[in-house]
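Could you put the whole structure together from the sequences, leaning on the hints where they help?
Sequence lines, in order, name chains A and B. Residue numbers for the first sequence follow the numbering used here, so the first one is 1 and each next one is one higher. Residue numbers for the second sequence follow the numbering used here, so the first one is 1 and each next one is one higher.
Source of the hints: derived by calculation from the structure; they are not laboratory data. Beta carbons: idealized from backbone N, C-alpha and C, even for Gly. A couple of the hints might just be wrong.
Derived list of chain A stretches under chain B, where covered just means 3 residues or more per stretch with a C-beta under 8 Å from a C-beta of chain B [what the hints assert, rightly or not]:
#1 40-47
#2 97-107
As a list, the in silico DSSO-like pairs of lysine-lysine whose alpha-carbon atoms are at most 30 Å apart [unchecked claim]:
#3 A:Lys98 with B:Lys9
#4 B:Lys9 with A:Lys103
#5 A:Lys69 with A:Lys52
#6 B:Lys9 with B:Lys44
#7 A:Lys98 with B:Lys44
#8 B:Lys57 with A:Lys103
#9 B:Lys44 with A:Lys3
#10 A:Lys3 with A:Lys69
#11 B:Lys44 with A:Lys69
#12 B:Lys57 with B:Lys14
#13 A:Lys52 with A:Lys103
#14 B:Lys44 with B:Lys57
#15 A:Lys3 with A:Lys103
#16 A:Lys3 with B:Lys57
#17 A:Lys103 with A:Lys69
#18 A:Lys3 with A:Lys98
#19 A:Lys98 with B:Lys57
#20 A:Lys98 with A:Lys69
#21 A:Lys98 with A:Lys52
#22 A:Lys52 with B:Lys44
#23 B:Lys14 with B:Lys44
#24 A:Lys3 with A:Lys52
#25 B:Lys57 with B:Lys9
#26 A:Lys103 with B:Lys44
One letter stands for each residue in the lines below.
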Amino acid sequence: DAKTTQPTSMDCAEGRAANLPCNHSTISGNEYVYWYRQIHSQGPQYIIHGLKNNETNEMASLIITEDRKSSTLILPHATLRDTAVYYCIVAGRGANSKLTFGKGITLSVRP
Amino acid sequence: NAGVTQTPKFRILKIGQSMTLQCTQDMNHNYMYWYRQDPGMGLKLIYYSVGAGITDKGEVPNGYNVSRSTTEDFPLRLELAAPSQTSVYFCASRTTRGGGNHEQYFGPGTRLTVT
Chain A
1 DAKTTQPTSM DCAEGRAANL PCNHSTISGN EYVYWYRQIH SQGPQYIIHG
51 LKNNETNEMA SLIITEDRKS STLILPHATL RDTAVYYCIV AGRGANSKLT
101 FGKGITLSVR P
Chain B
1 NAGVTQTPKF RILKIGQSMT LQCTQDMNHN YMYWYRQDPG MGLKLIYYSV
51 GAGITDKGEV PNGYNVSRST TEDFPLRLEL AAPSQTSVYF CASRTTRGGG
101 NHEQYFGPGT RLTVT
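Okay, here's the thing in C-alpha cells:
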C-alpha cells in the first residue's frame with residue numbers, strides 16, 4: 001500500500017473550517033484514500049474515504065486532486081470536540097488489504 | 001447494536017504471565033483485526049481474520065496468538081508477557097459488503113501494562 005505524508009500538527013479556531021492536507025504521491029489506481037480520527041485514548045473512528053471524486057458526508061468533505069497525489073480533509077465548522085489525531089491512509093480493496101496507520105496529524109481546535 | 005466490545009479495559013501483568021484479551025462484535029462482520037498502539041505512535045496490526053477459522057499475521061505478530069471459532073469473537077492471547085508488550089490494544093471489525101470498503105469499527109481498547 002502507498003505511503004502517506006502529513007504535517008505533524010495544526011490548529012484552527014472554533015467555528016472555522018479545518019483543512020487537513022495529505023500527500024500520497026505513490027498511490028496506485030485501485031487504492032482509496034481513507035481518513036480516520038482518534039480522540040484522546042479512544043479507538044479510531046472512520047470519517048470518510050474516496051477514490052478520485054470528491055466526497056462529502058455528515059462529518060467532513062474529502063477533496064482529492066486530479067492526479068490523486070494529494071488530498072485534503074475539510075471539517076467545515078470545527079468544534080472543540082474535533083480536537084484529535086487525524087490519520088490519512090491509502091489502501092486497496094483486496095481481501096488481504098490492510099490499513100497502515102502512521103503518526104497522523106494532531107488537530108487542536110482553540111476556543 | 002453494541003458494536004465492538006473489548007474486555008478487560010485495564011490490566012497489569014507480571015513478566016511471564018499469560019492472558020487473553022477478549023473482543024466481540026455484534027454487527028455480523030466477517031473481517032476482524034487486532035492492533036496495538038504504543039505512546040505517541042500510530043496503530044500497528046498484530047493479527048487479522050477474514051472469517052471464522054481463518055487468521056493471518058499482521059506487521060507485529062510475535063508474542064501473540066489468535067483464534068476465530070465464531071464470527072462474533074476474536075480473542076488475542078499473550079502467552080509469556082514481556083515489558084515490550086505494554087501497550088493499548090484495539091480490536092476492530094469491518095464488513096466486506098459494498099465492495100471492500102475499509103470502514104473499520106473499533107473497540108474502546110485494552111490498556112495493558114507488563115511489569
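Outcome of the hint check:
1. 40-47: holds (count 6)
2. 97-107: holds (count 8)
3. A:Lys98 with B:Lys9: Holds - the C-alpha atoms of Lys9 (chain B) and Lys98 (chain A) are around 25 Å apart, at most 30 Å.
4. B:Lys9 with A:Lys103: 23 Å, holds
5. A:Lys69 with A:Lys52: 10 Å, holds
6. B:Lys9 with B:Lys44: This hinted pair holds, its Cα atoms lying about 19 Å apart.
7. A:Lys98 with B:Lys44: 11 Å, holds
8. B:Lys57 with A:Lys103: Holds, because 22 Å separates the two Cα atoms, which is no more than 30 Å.
9. B:Lys44 with A:Lys3: Measuring from Cα to Cα gives roughly 14 Å; hence the hint holds.
10. A:Lys3 with A:Lys69: 11 Å, holds
11. B:Lys44 with A:Lys69: Holds. Lys44 (chain B) to Lys69 (chain A) sits at ~24 Å (cutoff 30 Å).
12. B:Lys57 with B:Lys14: Since the Cα atoms of Lys57 (chain B) and Lys14 (chain B) sit roughly 25 Å apart, the hinted pair holds (cutoff 30 Å).
13. A:Lys52 with A:Lys103: Status holds; Cα separation ~24 Å.
14. B:Lys44 with B:Lys57: 12 Å, holds
15. A:Lys3 with A:Lys103: 12 Å, holds
16. A:Lys3 with B:Lys57: Judged against 30 Å, a Cα distance of about 20 Å means the pair holds.
17. A:Lys103 with A:Lys69: Holds, at roughly 19 Å.
18. A:Lys3 with A:Lys98: 12 Å, holds
19. A:Lys98 with B:Lys57: This hinted pair holds, its Cα atoms lying about 11 Å apart.
20. A:Lys98 with A:Lys69: This hinted pair holds, its Cα atoms lying about 20 Å apart.
21. A:Lys98 with A:Lys52: 19 Å, holds
22. A:Lys52 with B:Lys44: Roughly 27 Å between the alpha carbons, so the hint for Lys52 (chain A) and Lys44 (chain B) holds.
23. B:Lys14 with B:Lys44: Answer holds: Lys14 (chain B) to Lys44 (chain B) is near 23 Å, not above 30 Å.
24. A:Lys3 with A:Lys52: Distance of about 17 Å is within 30 Å: holds.
25. B:Lys57 with B:Lys9: 24 Å, holds
26. A:Lys103 with B:Lys44: 11 Å, holds
Every hint, counting from the list given before, is met by this structure.
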